[in-house]
Amino acid sequence: MLKMEKVNKVYRTDMVETHALNSFDLEVKSGEFVSVMGPSGCGKTTFLNIAGLLDTFDAGHYSLDGADVSRLRDGEMSRIRNEKIGFIFQTFNLIPDLNVIDNVDVPLRYRKVNRQERKRAIEEALMTVGLMSRASHYPSQLSGGQQQRVAIARALVGKPKLILADEPTGNLDSLMAREILDLLETINREGTTIIMVTHDPELAARARRQIHLLDGRLIDLQPDQVIPLYRARKSFPASI
Amino acid sequence: MLAYHIRIAWKSLKRNPILSALIVLGIALGIGVSTTFVTGHHIMSRDPIPQKSSVLYYVEMDNWDPEKGWSDEDPKAAPNQVTHRDATAVMKSTVPTYQSAMFKSYLYVFPPPKLGRPYRGRVRLCFADFFPMFDVPFRYGAGWDRAADRTPDPVVVLSHETNQKLFGGENSLGKSVRIERRDFKVVGVLEPWRPAPKFYDPHNGTYEEPDELFIPFNFVRPMEIRTGGNTSGWKDSGKTFEDQLQSENIWIQMWVQLDSERQKQEYMQFLDNYVRGQQALGRMQRPLNNKLLATMDWLDDQGAVPEEATSFVVISLLFLLVCSLNLIGILLGKFLARAPEIGVRRALGASRMAIFMQHIVECELIAVIGGVLGVLLSILGLEVLTRLFDGMLNFRLDWLMVAAAIGMALLSGLVAGVYPAWRICSLAPANYLKEQ
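Chains as they are written, first to last, in the numbering used here: chain A, 974 to 1213; chain B, 68 to 503.
Please note that the accuracy of each hint is not assured.
As the list claims (entries may be wrong) - In silico DSSO-like pairs for lysine-lysine, Cα to Cα no more than 27 Å straight-line: (1) B/81 x A/1092; (2) A/1092 x B/78; (3) A/1085 x B/81.
Honestly, the hints are just simulated from the structure, not real lab data.
Produce the entire structure from the sequences given, and follow the hints as far as they go.
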């Protein structure tokens, strides 16, 4: 489903180079549920942004669903995001002016799906997350858990092959977090590949595969090894 | 997709109504001011007789000082009126379909005593062809015939307003009107007729009140009627009235209707022959410089649209541009404030172009609302202009100007919106997704 080889991502300022991903290799097979863990600043979000074609990278290769997506034009990347990838964010990222239906509708609008088909897909997605009764509510009228369900419905509505979830339970209490995980597990069982970034080892353990990032690389973690919460990874360019 | 963009734009406007109102007002003010002056210019420069303007010609002949031309700036320019002797001479031509020499005078008109005191009326002395040549509309009767020109017969055509004043608007054909010391028989009463600009005599008041009475030109000599318009001369014009008529003073306007190019060439040949004849007699010693100016060229030549009107159009368009440029900053702030939402839309599949179009549509929605409001403002502005011109010009918006106003509004929206829309669509979505 997803294959990254020797991917490098460097953030540069006048004084500092930061290697967010450093010869990063990862392969995720279709239908996997992978949790990504690591300390703050280890490159998790950078990895998700690159995986979701929201950011570019400096070197290496990335193929998604069998196609090389390393160097694409904006229009093509947008189409792939729209058709193959669903995003779930820690802060839900619902659009406050739009009600539940209109929020879930957004990806379908950019796919230029006709009205009838959109209506059917939105209803199906809202049924999946159990929020049909809140269809005309606005985000401000929903609880955190309900908002995240709407976000999941929005991620699901276009029937993506891959869902990228960035700490999807980070803003929820433990009960809600478990409900959301249950939902993700259900979605995964139906065949959708899920990559989830989380800080919570208990939730990570529910994924079928756990990977750990440190200093922009994947690491093999021994059972008794503890990952430091934060390690500085800044290095000065040779010219300084 | 357009409908979706319009819906998003509408929601965006409702999100911050005060800011939206300010932006709309900015466009409305610019459109209101520019539409007012563009419409004013449009009305002042429009063809006053579109059905015939291309076959109506103003005649110019150069009788000016051989030592010094008519115009210091343009050596090719000919005097803008003709002498009485030249006018009466060229009126003998049989080439034009219609022709009329004419001038404006102020003569005493004596209403019946019970209706009021004598007053100085604006009288146009002209030939019978004046009325059919300029498609003058009649309510009662018609103009006089060519035979009445020759005698001349004491006949008069009244304007609609004069007929109201002297006869209460009734059919006054056959009634008598005393002008100076003669009685004239009414042969025609006009419909309300107010050509603006007054194309047949623009250098004697382009937008002044219309003529009130029309009498045969040839009364000039028996009644010793002097012009009430501009007179120019370069040579001593003598002392007696007859000296004036034979002088080189120019004060007559000469119009002809020439329906074909051949007719035009023949008439030009006639004029050239006439001037050559005069040159042989010692007059008109300047190089041959006869001109036939079509109506719109003539109006342009006479500056029927005041330079100030053109300047106001330029200033008002610059004002609109300033309004649009001011909006760039406001729109930029408004759009950048929504960067996190745009990050989400990008993540969900919106391309840069889709985001750009979303914001351009929002700008154009603002522009259309501002444009409509601006059109309403311009209606007020045009009402003020109409009053300034004392009703001589009816400054009203026509559909062309409404379309132009909306077009200008859309262009302003584009000018104001392109940079902010480009900035917001160029943002890297990943940077803003965590800010939501």
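27 Å limit on alpha-carbon distance, applied to hinted pair residue 1085 of chain A and residue 81 of chain B: holds (25 Å)
Holds or violated: residue 1092 of chain A to residue 78 of chain B, with C-alpha atoms at most 27 Å apart: Roughly 21 Å between the alpha carbons, so the hint for residue 1092 of chain A and residue 78 of chain B holds.
Holds or violated: residue 81 of chain B to residue 1092 of chain A, with C-alpha atoms at most 27 Å apart: Holds - the C-alpha atoms of residue 1092 of chain A and residue 81 of chain B are around 25 Å apart, at most 27 Å.
Every hint from the earlier list agrees with this structure, and none is contradicted.
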